[in-house]
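S.K.: Residue-level listing of the chains:
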Amino acid sequence: MPLTSADFAAIRLTLELASLTTVLLLIIGTPIAWWLAHTRSRLKGPVGAIVALPLVLPPTVIGFYLLVAMGPNGFVGQATQALGLGTLPFTFAGLVVGSVFYSLPFVVQPLTNAFGAIGRRPLEAAATLRASPLDTFFSVVVPLARPGFITAAILGFAHTVGEFGVVLMIGGNIPGKTRVVSTQIFDHVEALEYAQAHWLAAGMVVFSFVILLLLYSSRRANHHVI
Amino acid sequence: MPADEARIVLRARVRHDDFLLDVDLSLPGRGVTGLFGHSGSGKTTCLRLMAGLIKADSGYLCVNGDIWLDTDHRVDLPTHQRALGYVFQEPSLFAHLNVLRNLQYGQKRVAASEHRVDMAHMTALLGIDHLLTRMPDSLSGGERQRVGIARALATSPRLLLMDEPLAALDLKRKREILPYLQRLHDELDIPVIYVSHSPDEMARLADHLVVLDAGRAVARGPVAHTLARLDLPASRTDDATAMIPATACEYDVQYGLLTVELQAPEGGTPGRLRLVHPPVAPRSSVRLAVQARDVSLALHDQDAGSILNRLAARVQAIAPAEDPNHVIVRLDAAGSPLLARITRFSCDRLALEPGMHLWAQIKAVSLLQ
Numbered sequence: 001m002p003l004t005s006a007d008f009a010a011i012r013l014t015l016e017l018a019s020l021t022t023v024l025l026l027i028i029g030t031p032i033a034w035w036l037a038h039t040r041s042r043l044k045g046p047v048g049a050i051v052a053l054p055l056v057l058p059p060t061v062i063g064f065y066l067l068v069a070m071g072p073n074g075f076v077g078q079a080t081q082a083l084g085l086g087t088l089p090f091t092f093a094g095l096v097v098g099s100v101f102y103s104l105p106f107v108v109q110p111l112t113n114a115f116g117a118i119g120r121r122p123l124e125a126a127a128t129l130r131a132s133p134l135d136t137f138f139s140v141v142v143p144l145a146r147p148g149f150i151t152a153a154i155l156g157f158a159h160t161v162g163e164f165g166v167v168l169m170i171g172g173n174i175p176g177k178t179r180v181v182s183t184q185i186f187d188h189v190e191a192l193e194y195a196q197a198h199w200l201a202a203g204m205v206v207f208s209f210v211i212l213l214l215l216y217s218s219r220r221a222n223h224h225v226i
Numbered sequence: 227m228p229a230d231e232a233r234i235v236l237r238a239r240v241r242h243d244d245f246l247l248d249v250d251l252s253l254p255g256r257g258v259t260g261l262f263g264h265s266g267s268g269k270t271t272c273l274r275l276m277a278g279l280i281k282a283d284s285g286y287l288c289v290n291g292d293i294w295l296d297t298d299h300r301v302d303l304p305t306h307q308r309a310l311g312y313v314f315q316e317p318s319l320f321a322h323l324n325v326l327r328n329l330q331y332g333q334k335r336v337a338a339s340e341h342r343v344d345m346a347h348m349t350a351l352l353g354i355d356h357l358l359t360r361m362p363d364s365l366s367g368g369e370r371q372r373v374g375i376a377r378a379l380a381t382s383p384r385l386l387l388m389d390e391p392l393a394a395l396d397l398k399r400k401r402e403i404l405p406y407l408q409r410l411h412d413e414l415d416i417p418v419i420y421v422s423h424s425p426d427e428m429a430r431l432a433d434h435l436v437v438l439d440a441g442r443a444v445a446r447g448p449v450a451h452t453l454a455r456l457d458l459p460a461s462r463t464d465d466a467t468a469m470i471p472a473t474a475c476e477y478d479v480q481y482g483l484l485t486v487e488l489q490a491p492e493g494g495t496p497g498r499l500r501l502v503h504p505p506v507a508p509r510s511s512v513r514l515a516v517q518a519r520d521v522s523l524a525l526h527d528q529d530a531g532s533i534l535n536r537l538a539a540r541v542q543a544i545a546p547a548e549d550p551n552h553v554i555v556r557l558d559a560a561g562s563p564l565l566a567r568i569t570r571f572s573c574d575r576l577a578l579e580p581g582m583h584l585w586a587q588i589k590a591v592s593l594l595q
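Protein sequence lines, in the order shown, are assigned to chains L and Y. Final position of the first sequence in the working numbering is 226; the numbers increase by one with none missing. Final position of the second sequence in the working numbering is 595; the numbers increase by one with none missing.
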């Protein structure tokens with residue numbers, strides 16, 4: 001067997017992290033995307049830009065600031081300590097928080113596009129048919145935006161699986177706790193275990209290709225992914 | 227408020243971008259009321275306000291005793307709590323639901339005790355009962371709009387608002403859908419506010435007319451009288467139309483000619499017209515539409531030509547048409563209002579003036595219902 005038990009632990013942790021992050025991203029990203037798609041507020045530009053920041057910033061920058069904020073002297077750290085939760089860096093929870101920030105644009109942008117494409121008219125039609133705004137969201141918006149939700153979930157999941165810099169900064173590299181596939185590969189390379197690194201790296205390539213293949217072949221040509 | 231029973235009272239001021247709507251209307255609580263005017267006159271704003279889709283700066287709306295909006299008392303029901311049906315210019319069906327589930331969408335959100343419209347009857351009335359399992363994107367434009375109308379009616383609304391429901395359709399589809407609207411008008415006892423800029427649709431469907439211009443109501447009254455008012459811009463356009471109430475009489479099977487009798491003037495004999503039309507039950511009331519451009523004028527009765535219908539008429543008023551080389555003449559044809567669109571040259575040659583008696587030759591009459 002080419003993969004060690006440490007490799008399997010890293011794979012399991014990666015999948016756990018990506019699944020939890022995707023669920024959280026859909027819960028957090030949906031209201032943000034809805035607001036971005038419908039607001040006429042002047043804050044739309046700044047909020048959109050902040051959400052998109054992880055697309056352009058080096059992951060180490062995000063990781064660094066999250067580390068500072070969540071550390072014992074940071075404002076998040078102070079709050080989590082006051083709540084009796086301790087501090088988040090170098091824990092799985094800290095990794096989840098970091099991943100949510102890092103993958104946010106990959107969920108918010110497809111959802112914003114999907115909500116924008118639906119427009120206001122179906123919402124107005126639903127209101128004249130006695131549906132409350134929340135009812136309208138679940139009975140009209142979610143079904144009409146389904147391709148957008150699928151794209152958002154796949155991209156959020158895949159991007160989280162692929163992260164490295166943020167993980168290293170705030171997760172450290174603790175086996176079974178914060179060591180994911182990308183950091184495990186890094187460890188193998190550092191230890192000159194190239195064969196081990198190959199198995200995991202090639203696995204990532206295949207996984208990412210399959211995900212993107214599913215995504216692109218399920219969308220019609222006129223839909224762009226992000 | 228007992229005074230508001232069986233009436234729709236709307237008072238509102240809305241500033242929408244740089245447009246101001248300022249209306250104070252008391253409309254009949256039954257039948258079809260047309261909101262008529264050019265684009266930009268505030269018709270749609272008025273309708274959206276009644277639906278709660280836009281907010282009034284100040285306003286009051288009472289529909290047959292139910293208060294939906296009263297800014298003085300901080301009442302402003304959200305759209306989904308107003309018992310209305312709304313038909314949009316584009317049908318706006320839900321693309322993810324088939325026709326039946328589109329129809330049921332609103333219906334199942336209304337308490338069963340409120341259901342007064344029978345779904346099977348209505349789908350038959352609108353000719354969509356064979357489409358129930360189809361998806362909206364497989365329907366023609368006319369079918370989609372009929373489903374949109376049925377979907378609005380399925381909630382058993384206390385008020386039906388229709389925003390130019392035929393405007394997005396071509397002439398053929400319009401002709402296809404108009405008879406259904408006329409049937410609804412005859413069979414369902416739901417008050418309708420119908421927005422349009424088409425005199426023809428108003429002549430066919432409306433009982434009562436409110437004319438809007440630049441955000442204000444400039445005229446209102448029964449449709450036959452209001453459509454023929456020369457002081458309003460709509461009666462001076464190319465498609466100006468007079469609506470004439472009449473009664474069906476005998477039918478000539480050999481030539482397929484229906485005779486109709488106009489309302490009798492006080493102490494006079496009623497005028498009669500003949501038109502090619504399938505038989506209509508005798509004594510039933512019908513509406514006739516006569517376009518102003520299909521009416522010519524002559525000083526003497528000329529029986530020698532091919533024109534079937536000639537009515538003795540008196541000139542009531544003359545006004546310039548939209549096109550400066552034409553005039554519109556309003557006539558009293560044995561008690562019925564009639565418009566004639568003639569050239570300014572003919573007007574001068576015949577020396578037309580109010581009070582003159584002459585003959586109106588009517589080239590085309592259409593029967594509306």
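Treat the hints with caution; some may be incorrect.
Unchecked claim - Distance condition first, Cα-Cα at most 20 angstroms in a straight line; then the derived SDA-like pairs of lysine to any residue:
(1) Y/Lys334 with Y/Arg384
(2) Y/Lys334 with L/Asp135
(3) Y/Lys334 with L/His38
(4) Y/Lys281 with Y/Lys400
(5) Y/Lys281 with Y/Arg327
(6) Y/Lys281 with L/Arg40
(7) Y/Lys334 with L/Thr60
(8) Y/Lys281 with Y/Gly257
(9) Y/Lys334 with L/Pro143
(10) Y/Lys398 with Y/Gln408
(11) Y/Lys334 with L/Gly86
(12) Y/Lys281 with L/His38
(13) Y/Lys334 with L/Gly116
(14) Y/Lys281 with L/Pro122
(15) Y/Lys334 with Y/Thr359
(16) Y/Lys400 with Y/Gly367
(17) L/Lys177 with L/Gly86
(18) Y/Lys281 with Y/Pro304
(19) Y/Lys334 with L/Pro31
(20) Y/Lys281 with L/Phe138
(21) Y/Lys334 with L/Tyr65
(22) Y/Lys281 with L/Leu123
(23) Y/Lys281 with L/Arg12
(24) Y/Lys334 with L/Ser41
(25) Y/Lys281 with L/Ser139
(26) Y/Lys334 with L/Lys177
(27) L/Lys44 with L/Asp135
(28) L/Lys177 with L/Arg12
(29) L/Lys44 with L/Pro31
I should point out that these hints are in silico values taken from the structure, not numbers from a laboratory.
S.K.: Against each hint, give a clear statement of whether it holds in the structure.
M.R.: Hint by hint, here is what the structure shows:
1. Y/Lys334 with Y/Arg384: Holds, at roughly 16 angstroms.
2. Y/Lys334 with L/Asp135: 13 angstroms, holds
3. Y/Lys334 with L/His38: Given that 20 angstroms is the threshold and the Cα spacing comes to 28 angstroms, the pair is violated.
4. Y/Lys281 with Y/Lys400: The given pair, whose Cα atoms are some 32 angstroms apart, is violated under the 20 angstroms limit.
5. Y/Lys281 with Y/Arg327: Given pair Y/Lys281, Y/Arg327 is violated - Cα atoms ~30 angstroms apart, limit 20 angstroms.
6. Y/Lys281 with L/Arg40: The given pair, whose Cα atoms are some 16 angstroms apart, holds under the 20 angstroms limit.
7. Y/Lys334 with L/Thr60: It is violated: about 53 angstroms lies between the C-alpha atoms, which goes past 20 angstroms.
8. Y/Lys281 with Y/Gly257: 26 angstroms, violated
9. Y/Lys334 with L/Pro143: With a Cα-Cα distance of about 18 angstroms, the restraint between Y/Lys334 and L/Pro143 holds, given a limit of 20 angstroms.
10. Y/Lys398 with Y/Gln408: Roughly 16 angstroms between the alpha carbons, so the hint for Y/Lys398 and Y/Gln408 holds.
11. Y/Lys334 with L/Gly86: The given pair, whose Cα atoms are some 50 angstroms apart, is violated under the 20 angstroms limit.
12. Y/Lys281 with L/His38: Given that 20 angstroms is the threshold and the Cα spacing comes to 17 angstroms, the pair holds.
13. Y/Lys334 with L/Gly116: It is violated: about 28 angstroms lies between the C-alpha atoms, which goes past 20 angstroms.
14. Y/Lys281 with L/Pro122: Cα-Cα ~19 angstroms, so holds.
15. Y/Lys334 with Y/Thr359: Since the Cα atoms of Y/Lys334 and Y/Thr359 sit roughly 18 angstroms apart, the hinted pair holds (cutoff 20 angstroms).
16. Y/Lys400 with Y/Gly367: 10 angstroms, holds
17. L/Lys177 with L/Gly86: Holds, at roughly 16 angstroms.
18. Y/Lys281 with Y/Pro304: 10 angstroms, holds
19. Y/Lys334 with L/Pro31: Violated, because 27 angstroms separates the two Cα atoms, which is more than 20 angstroms.
20. Y/Lys281 with L/Phe138: Violated, because 25 angstroms separates the two Cα atoms, which is more than 20 angstroms.
21. Y/Lys334 with L/Tyr65: 51 angstroms, violated
22. Y/Lys281 with L/Leu123: Judged against 20 angstroms, a Cα distance of about 16 angstroms means the pair holds.
23. Y/Lys281 with L/Arg12: 54 angstroms, violated
24. Y/Lys334 with L/Ser41: 35 angstroms, violated
25. Y/Lys281 with L/Ser139: It is violated: about 25 angstroms lies between the C-alpha atoms, which goes past 20 angstroms.
26. Y/Lys334 with L/Lys177: Violated. Y/Lys334 to L/Lys177 sits at ~50 angstroms, over the 20 angstroms cutoff.
27. L/Lys44 with L/Asp135: Given that 20 angstroms is the threshold and the Cα spacing comes to 25 angstroms, the pair is violated.
28. L/Lys177 with L/Arg12: Holds, at roughly 11 angstroms.
29. L/Lys44 with L/Pro31: 13 angstroms, holds
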